[in-house]
Amino acid sequence: MTRTFDNRQCLLGEGPLWHPERQQLFWFDILNRQLLSRINNNEKTWQFEEHVSAAGWISDHALLIASESKLFLFDIETGADQLLCPLEADNPVTRSNDGRADPYGGFWIGTMGKNAEKDAGAIYRYYQGELRQLFSRITISNAICFSPDGKTAYFSDTATQSIRKVALDEHGWPAAADELHIDLSNENLNPDGAVIDRDGYLWNAQWGASRLARYAPDGSFVEEITYPAAQMTCPAFGDPDMKTLFATSATDGLNGKDDGKTFTVETAVAGQAEHRVLL
Numbered sequence: 644m645t646r647t648f649d650n651r652q653c654l655l656g657e658g659p660l661w662h663p664e665r666q667q668l669f670w671f672d673i674l675n676r677q678l679l680s681r682i683n684n685n686e687k688t689w690q691f692e693e694h695v696s697a698a699g700w701i702s703d704h705a706l707l708i709a710s711e712s713k714l715f716l717f718d719i720e721t722g723a724d725q726l727l728c729p730l731e732a733d734n735p736v737t738r739s740n741d742g743r744a745d746p747y748g749g750f751w752i753g754t755m756g757k758n759a760e761k762d763a764g765a766i767y768r769y770y771q772g773e774l775r776q777l778f779s780r781i782t783i784s785n786a787i788c789f790s791p792d793g794k795t796a797y798f799s800d801t802a803t804q805s806i807r808k809v810a811l812d813e814h815g816w817p818a819a820a821d822e823l824h825i826d827l828s829n830e831n832l833n834p835d836g837a838v839i840d841r842d843g844y845l846w847n848a849q850w851g852a853s854r855l856a857r858y859a860p861d862g863s864f865v866e867e868i869t870y871p872a873a874q875m876t877c878p879a880f881g882d883p884d885m886k887t888l889f890a891t892s893a894t895d896g897l898n899g900k901d902d903g904k905t906f907t908v909e910t911a912v913a914g915q916a917e918h919r920v921l922l
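Per our numbering, residue 644 is the first one in the sequence shown, and the count goes up by one each step.
These aren't lab readings, by the way, just hints derived from the structure by calculation.
Just so it is clear, CB atoms sit at the ideal spot from N, CA and C, and this is done for glycine as well.
Be aware that a few hints might be false.
As the list claims (entries may be wrong) - FRET-style restraints, in silico, Cβ to Cβ:
# : residue 1 : residue 2 : range
1 : Gly772    : Thr869    : 36 to 46 Å
2 : Arg841    : Arg681    : 32 to 42 Å
3 : Glu692    : Gly843    : 37 to 47 Å
4 : His814    : Asn685    : 22 to 32 Å
5 : Glu760    : Cys728    : 18 to 28 Å
6 : Asn831    : Asp718    : 17 to 27 Å
Model the full structure from these sequences, guided by the hints.
This is the structure:
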């Protein structure tokens with residue numbers, strides 16, 4: 644049974660990250676330009692000057708955060724930030740969207756048009772000081788996650804109603820052409836954020852469908868979790884046993900009493916601990 648973890652109604656809740664050293668959940672309200680968290684049931688909010696959307700953890704006090712124009716280091720305790728590298732800083736049309744650290748210490752980040760302009764976005768990887776574009780002509784970047792053995796990355800362009808996969812080499816770079824993994828077009832489902840559990844099953848938030856769906860490694864549907872919010876955006880496993888599944892949602896364009904809240908549900912399976920970003 645789903646429960647409300649945080650009652651704040653995000654305009655566009657996204658990017659939940661369970662910090663394994665702090666045992667603390669962080670997430671974003673992209674359109675309100677905020678990073679959110681809770682500590683001992685106390686609400687925490689950090690306000691930024693531009694859209695922020697995704698993070699990876701670096702240490703017990705530092706995050707890598709993706710914004711509409713850059714990747715930057717953020718000190719959780721002091722609020723200080725430091726530029727790491729530009730991210731489409733010369734393109735006012737786009738902003739960052741979905742992102743996640745990979746098993747090799749790299750950080751994958753997708754961009755998209757602020758008004759979901761067709762093909763305006765891309766997916767990048769930051770690794771050992773280099774930001775490299777991996778995939779172009781992406782409309783809404785989403786579902787970035789990685790298999791437990793580190794050999795496969797998954798991602799989506801929500802506009803295509805599909806989730807794709809790509810084999811990775813020993814350094815975490817794509818080693819082959821990407822290919823279709825899950826086709827959701829026949830069900831008219833829109834894939835948003837995703838995460839992989841320890842058994843290699845993919846949990847996908849599906850925008851407008853009030854649910855998370857779980858898929859086997861072969862791409863077949865297994866089960867769903869339904870929510871009182873229509874626009875579910877991204878899941879994240881957390882808590883000491885990694886069996887609590889958090890999920891963010893969005894209230895953009897809606898007025899339901901639960902839209903935009905962040906939820907939890909206890910699962911029978913455990914998730915993977917989020918990988919550390921290595922600078």
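Evaluation of the provided hints:
1. Gly772 x Thr869: 36 to 46 Å: 43 Å, holds
2. Arg841 x Arg681: 32 to 42 Å: 25 Å, violated
3. Glu692 x Gly843: 37 to 47 Å: 39 Å, holds
4. His814 x Asn685: 22 to 32 Å: 41 Å, violated
5. Glu760 x Cys728: 18 to 28 Å: 23 Å, holds
6. Asn831 x Asp718: 17 to 27 Å: Distance hint for Asn831, Asp718 is violated at roughly 43 Å.
Figure legend: structure checked against the earlier numbered hints; hints not met, in rising order: 2, 4 and 6.
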